[in-house]
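Please build the complex by placing chain B on the supplied structure of chain A, with the hints as guidance.
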Amino acid sequence: MRIYTYAIIDSNNEITAPINGLEGIGVYNIPYRDIGIVVSEGEQIQDITQEHILKHEEVVEKLMESFTVLPVSFLTLFKKEDDVLLMMQEYYSDFRENLDRLRNKVEFGIKIIWPGETIKNRIIEASKKFNADVTIPDNSPGKSFAKEKFEKYKIDKEFAEEADRCIALLDDFFSRFITEKKLEKLKSDNLLLNAYYLVEKEKQVDFKEAFERTRSTPGDLKFLLSGPWPPYNFIVLTKNGDMFNRKPINQNLAEKNTL
Amino acid sequence: MTINRIVETDSPEAFIEEIEKIQGVLPKRINANSKNVEKGLSKLVLTLIELIRKLLEKQAMRRIDAGSLSEEEIERVGETLMKLENKMQELKGVFGVSDEELNLNLGPLGDLM
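Residue numbers (the numbering used here), protein chains in the order written: chain A, 1 to 259; chain B, 1001 to 1113.
These aren't lab readings, by the way, just hints derived from the structure by calculation. You can take every hint at face value.
Examples of chain B residues lying across from chain A (beta carbon under 7 Å, computed): (1) V1007; (2) T1009; (3) S1011; (4) E1018; (5) M1061; (6) E1075; (7) V1077; (8) G1078; (9) E1079; (10) M1082.
Glycine included, each C-beta is placed from N, C-alpha and C at the ideal position.
The following block holds chain A by itself, in its conformation from the complex (with noise of 0.2 Å):
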């Protein structure tokens, strides 16, 4: 028998409303001091299905519902109970840390595609135009490969300043309505942005007015905004936290399952 981790909660009393876990067992909350952790038992999963996430993400997002949640990661087991205290006990103070800062805060994403071979085209086309500052003779093998990286390298960049300009506009209007938030900047030529924004659950209406007035101006931009979402990108551990560093797995498949 294994002890199967859902998420940390702010509380230590009992969940009073049934959920059920992973292969429809139901879950409980493990008391520690004046926080709780909520677990199943079960066998060990043998199967890592897509189903199965979904459910781990389904038993965090009810418990969302009534507490402030810190998610576990997927498939976080334990052997018995008093190994899942002994970790309780370890990592106490950061968790009361973050269940403080994270209470009444919810997590949105925002995916924004751009055309990006179009403006890298673009920008090869002005390159051609325009004389180089800087000007590399190909009379050599070795300086005409210096010149064609040199060629590449100014378009990257070009390309990149003209992502941050695009990005700073965009999360300008965002982060009126936030309290923290995370940027990834082109992870493909094509997405633009993957962020992740912190919002206060009083404010979530602003922010999705926010992105919708953002989404219905005209241009070539695609957007995309999910959440609310447990806190899965704000929780910050001075140890190392295995346990809570796998969140995209949950979030992405999620995301997309819902597409």
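Chain B only, in chain A's frame:
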């Protein structure tokens, strides 16, 4: 299945494609077992070499951009970078590692490259 959450977009196909693209690049861990340990380790080593190679290349390009290299120095830098790139191609072929596989996820710090 999920509750209260929304995913809003006018272009679901485009986002599915991009999510698959960025998810597909990186395994979270090196899947090392007795059968593939050699490939797992070579991938790790090649990733680090590739990182250093790219850093060297970027530094060289910055110096060219700043105009601080003479023509002779550009020649030498170009030749060195060319040899490094060719050697990397050769090693990738030997160990059967593709360009897309040369990366590491550093957890909260993001991707290595």
